[in-house]
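Visitor: Please work from the sequences and hints to get the whole structure.
Chains as they are written, first to last, in the working numbering: chain A, 1 to 208; chain B, 1 to 208.
Just so you know, these hints were derived from the structure itself, not from any lab.
Any given hint could be a false lead.
A pair counts as met if it fits within one copy or between any two copies, since identical chains are not told apart.
[Claimed, not checked] Below, a list of computed lysine to aspartate or glutamate pairs in the DMTMM-like style, where the Cα atoms sit at most 20 Å apart:
#: 1; residue 1: LYS69; residue 2: GLU106
#: 2; residue 1: LYS60; residue 2: GLU36
#: 3; residue 1: LYS197; residue 2: GLU88
#: 4; residue 1: LYS197; residue 2: GLU182
#: 5; residue 1: LYS60; residue 2: ASP137
Protein chains: 2
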Amino acid sequence: MTAESAPKWRRLEPDERREQIFTCAAQLFGERPYAEVSTSDIAARAGVARGLINHYFGTKRELYLAVVKRALTVPYVAVAQLPSGSVEERTNAAVEWFLDMVSKQEKMWLAAITPEGIGRDVEVERIVDEADRRSADRVLQAMGFAEDDPRWEQLNALVRTYGGMVKAAGREWLVRGTLSREQVRTLLSTQLLTLVKDVLPQITPAPR
Amino acid sequence: MTAESAPKWRRLEPDERREQIFTCAAQLFGERPYAEVSTSDIAARAGVARGLINHYFGTKRELYLAVVKRALTVPYVAVAQLPSGSVEERTNAAVEWFLDMVSKQEKMWLAAITPEGIGRDVEVERIVDEADRRSADRVLQAMGFAEDDPRWEQLNALVRTYGGMVKAAGREWLVRGTLSREQVRTLLSTQLLTLVKDVLPQITPAPR
DNA sequence: GACGCCTCTTGACAGGTTGCCAACAAGCGG
DNA sequence: CCGCTTGTTGGCAACCTGTCAAGAGGCGTC
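Guide: Laid out in structure tokens, this is it:
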């Protein structure tokens, strides 16, 4: 019998261990809702003591936030520069680009737009809002609005409401299959065009 | 000293007590996310023993479901018979009515449209979907579509996507204050009108 | 006016979860 | 080979939830 000094556990670099726990947590949060994933589950899958999770992430909630944040950041990274044609052409191109992007990142995108866990949490809301605002900025830029427009704040808010429709349409298309890609394209193009041509121009500069 | 037999607690009719607890729960769920409202909090506000909540509603989750359900149902029950004028008049009336309703039930409505408080719960999802579908039905009826239209399923889905915008707009208006009621009115009216006049007519009968 | 009973209401208990922290030990540097 | 840094463990205390038998409010009856 070789006197193996069998270590009960292996010591890892902080970043490495942190990433390992993060990965396991992401898997579990993808499988079950937030409340049904206990830190014990995460620790078990990572083959680690439960306390270590708190050591690295502080709180179960903070760990969840980290997961959501990464999931939301990835999808909206590279918005290709849109063609500089008429408004109609640009809206169509934007919608088409969007549909392609979603097609490729289906699961990722769906997971990101339905933070399936902690809800109405200030921090989660902030993270999601940040992503929404950034994509609304891109839409406004693509539609030719000047970035120093005094109405920017409200224009952005209006585009964000359009984002609500986009998410809902994505769910109808991808999850429920009640709408075809073509129907979604028509819907989103038409509505975006109306938004840009009929609604946005009516907005008066910020009230104060 | 009058020998007052001071009762430690008052005995109420089941329906009455149930309603009282329900109301307090609705308030709290409107103030904080699901996870941050303990049954103790609800019991405290209702001036009642915690166990009584389980007696009436079984589970915290069931109580929450009841709250969400009512919040989603009440608003859409009495869609007053809309005036039978032009499409424009009817959309305006519908949007205006909706804004009034929301103003009155602000907290309740907000809590209901962001039921992520419990996280991708199948039951919650079902309830929300049910309500969304029902209100979409009402919108279609009000806009003069025949209930046996073969495209009904898809028309309904399209209106549901509009619902996504409605919810987003409500949040911008009530929660963040980035949009005024007037702006929301303009947005929702214009977009609904476009949906009804430009998008819906393009939908071809169900593919199979 | 007093009593009895129905059932509404309470309070305590068990199981489970989370955050914290002091002690332990892996494994590199001297 | 030994000591020290620090990654890691395991148990503790607080809290929350669902259950249940016991207690008491108050209506109906005599």
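Visitor: Now tell me if each hint is right for this structure.
Guide: We went through each hint and held it up to the structure:
In this homomeric assembly, LYS69 and GLU106 come within 20 Å of each other (Cα to Cα) only inside a single copy, at 15 Å, whereas the closest approach across copies is 29 Å. Taking the shortest alpha-carbon separations for LYS60 and GLU36, both the intra-copy value of 12 Å and the inter-copy value of 14 Å come in at or below 20 Å. For a Cα distance limit of 20 Å, the shortest separation of LYS197 from GLU88 qualifies both inside one copy, at 10 Å, and across copies, at 18 Å. Only between protomers do LYS197 and GLU182 lie at most 20 Å apart by alpha-carbon distance; the minimum there is 18 Å, versus 22 Å within a single protomer.
Taking CA atoms no more than 20 Å apart as the test, LYS60 paired with ASP137 passes in neither setting, with 31 Å inside one copy and 41 Å between copies.
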